[in-house]
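Top to bottom, those sequences are chains V and W. First residue of the first sequence? That's 355 in the working numbering, and the numbers climb one at a time after it. First residue of the second sequence? That's 831 in the working numbering, and the numbers climb one at a time after it.
If you're looking for bench data, these hints aren't it; they were derived computationally from the structure. Just so you know, nobody snuck in bad clues.
Now the stretches of chain W that chain V is said to cover, found in silico as 3 or more residues with beta-carbon under 8 Å:
hint : segment
1    : 880–888
2    : 988–1001
3    : 1030–1040
Yeah, the Cβ is synthetic: ideal placement off N, Cα and C, and Gly gets one too.
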Amino acid sequence: MTGGLGAVVASPRAWVAIVVIGAITYGIRLSFIHLFGQIDGVPTRLQRPLRYVPPAVLAALVLPSLVTLRPSVAATLFDERLIAGAVAGVVAWRTENVFATIATGMATLWLFRFVVFA
Amino acid sequence: MRGPVLDEDLLAGVRDVSPLMLGIVPFALVAGIAAVDAGLGLAEAIGMSVIVFAGASQLAALELLGENAPLAVVVGTAAVINLRMLMYSASIAPHFADYGRRLRAGLAYLLTDQAYALSVAEFDENPERSQWRYYLGAAASLWIVWQVGTVAGVVLGAGVPDAWGLTFAVPLVFLALLVPAMKDRPTTVAGVAGGAVAVIAAGVPYELGLLVGALCGIATGVVTEEVLPS
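Chain V on its own, in the form it takes in the complex (with noise of 0.2 Å):
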């Protein structure tokens, strides 16, 4: 489907994205509380994979919104994202607090970019 039919055919594919995205995530959700019972817990095979799904979709999620790479090293370091989002990360790390976690991250990210980068 090419653009410039516009918004007429944004809503439907909208639509359908959310429908199937909705109806996998449904499924993803409701596999195990649905099976168990009627299997005896998770399948061996697919526990250690599983075990490894968090820290790496979560880590691929935030890393990117952090560190942009850029052509010296200077520059990739100096990014008020990247060190608001290392600061967050000791919090995280030391209180496991998530609300301590965002507090820090925002206001170290606004010290940055409004007063020290500024």
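Starting from the known structure of chain V, fit chain W onto it as the hints suggest.
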């Protein structure tokens, strides 16, 4: 008057989830703003938040829809992002095993990173609680805030100055979940590998870098577990 559902266990779930709303509110606002940016209307934005109800996948899908990516890429990316909930489903399933089919189907719809993480920690600590009520208190609160926040993002989104960097709250929410997920050597290696590959592949079209990074991270974790004693 207290109904049979609105009891102490349910309220404990509501209370425990409330600090997390600091991250969820901006996240939901961003989901609403992103829907407008992708050319969606209020009905589609609400439809997505109700039907999909999974923020990270919603944001990725919206960005791809805005870029006119093929539907298979939109759906595939969202599915991979949400695959982590297979793990949550498996982990929380034993706690729900005694409940009826309908209740379990409803509880599954509300499964999120935050509801899962909170509930499993609480079930370990206070096993005498009504587990579905505690979970429902946390998960339904998240659902309500998510829907209200999405609508607010669509309606008011344009008024929030870009300089505030509200979108930055989204990676921070996931960072707060990522750090405890890297609990031993193989999971840490999986996270580092997945994140590094995703950064390097950030320029690849259609956000395939996320997908490739996630798959590399999983594979690296499995290999690390085989090679290294943890």
